Amino acid sequence: MKAFCDKMGTLHEYNFGGLEYEVLNELKDLTNRSDANCLYHTRFLFEDDTSDLPTQCKVAESLKNDLVRVVYSGSKSLHCIVEFDHKYESMCKEMYKEIWQVLNEELFGGKCDSQCTNPSRLTRAGGVVRHNNGKTQTILLDKPGNLFSRASEVISKAKAIYLLHKTKSLVQATQTQNKAQNYSNQVDTSTWDSVKRYLETPFPRQSGNGVSNIWLYAALQTTKKYNDLQTQLKVIAKAKSEGWTEKEIEHKLK
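Residue numbers (my numbering): 1 to 254.
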């Protein structure tokens, strides 16, 4: 389902009129504009705000056989779209950011805005007058069905980056788990002393602050061991007030 939007994200399936934006990939429905609501993940948007307009136009012209659409934003940039065949949908969905990264490097010299690396990104709608300056968002290239011919090659390169990211995440998770084990070895979680100390002592969260890590972990594990929800909520409230995120707190409760 194709969706047109204003800047606030209101969705309109038909008769978009003066709406300046459209959602890059089709949506399942019009309930929300989110990556999770994308029906397909095969279109990729590229916008270079660092180069002047003539340079962008030259690049777009050189890539005309690789692009499905180019729209002048009505300001300082072009919105260039690459589209893969739907047969690559599952891989595009799984490795969207990595595929975008490879395309950005190979087609645009790595210059495009990394905020465009999500499938539900808004892109400028063609033929609409831009509200803030009165300029028309002009369609410079429109080749429906012009699917990217080197998709399998790009996906292969993206897979290597994807696996590297997965490996790094696994290593980080293992390191975090080992740290948690070290905390439990350093602090006795079998008594209430750890909880009392944590609640009575300021422990602001700081990057690499092992002391704060140790005593928060100990206090949470003690309340968990004795199934004292009321005290646990006090510990969590204090931790949040001192800068710990819900995700970090949940991890220490495992």
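There may be inaccurate statements among the hints.
To be verified - Here are the computed lysine-lysine pairs in the DSSO-like style, where the Cα-Cα straight-line distance is at most 27 Å:
1. LYS87 / LYS76
2. LYS196 / LYS64
3. LYS159 / LYS76
4. LYS238 / LYS225
5. LYS224 / LYS234
6. LYS135 / LYS93
7. LYS135 / LYS87
8. LYS2 / LYS93
9. LYS28 / LYS111
10. LYS58 / LYS143
11. LYS254 / LYS224
12. LYS2 / LYS135
13. LYS196 / LYS254
14. LYS76 / LYS28
15. LYS111 / LYS58
Please keep in mind that the hints were generated in silico from the structure rather than gathered at the bench.
From a predicted model like this one, the values you see are computed outputs, not experimental measurements.
Evaluated hints:
About 34 Å separates the Cα atoms of LYS87 and LYS76, which puts this hinted pair outside 27 Å; it is violated. At most 27 Å may separate the alpha-carbon atoms for a hinted pair to count; LYS196 and LYS64 exceed this at roughly 67 Å. Between LYS159 and LYS76 the alpha-carbon distance is near 33 Å, which puts this suggested pair outside the 27 Å criterion. For the given pair, LYS238 sits about 19 Å from LYS225 by alpha-carbon distance, which is consistent with the 27 Å threshold.
As the CA atoms of LYS224 and LYS234 are separated by approximately 13 Å, the hinted pair is consistent with the 27 Å bound. Simply put, LYS135 and LYS93 have alpha-carbon atoms about 35 Å apart, too far for the 27 Å limit, and the pair is violated. With a CA separation close to 38 Å, the supplied pair LYS135 and LYS87 exceeds the 27 Å bound. Between the alpha carbons of LYS2 and LYS93 the distance comes to roughly 18 Å, so the proposed pair stays at or under 27 Å and holds.
Taking the CA atoms of LYS28 and LYS111, the gap is near 31 Å; set against the 27 Å cutoff, the hint is violated. Restraint check: the Cα-Cα separation between LYS58 and LYS143 comes to about 18 Å, which is no more than 27 Å; the hinted pair holds. The suggested pairing of LYS254 with LYS224 holds, with an alpha-carbon distance near 9 Å, which does not exceed 27 Å. A threshold of 27 Å between alpha carbons decides the hint, and for LYS2 with LYS135 the separation of about 24 Å falls inside it, so the pair holds.
A hinted pair counts as satisfied when its Cα atoms are at most 27 Å apart, and LYS196 with LYS254 qualifies at roughly 21 Å. Our distance criterion of 27 Å between C-alpha atoms is broken by LYS76 and LYS28, whose separation comes to about 32 Å. Between the alpha carbons of LYS111 and LYS58 the distance comes to roughly 14 Å, so the proposed pair stays at or under 27 Å and holds.
Going down the numbered hints, you'll see the structure goes against 1, 2, 3, 6, 7, 9 and 14, while the others check out.
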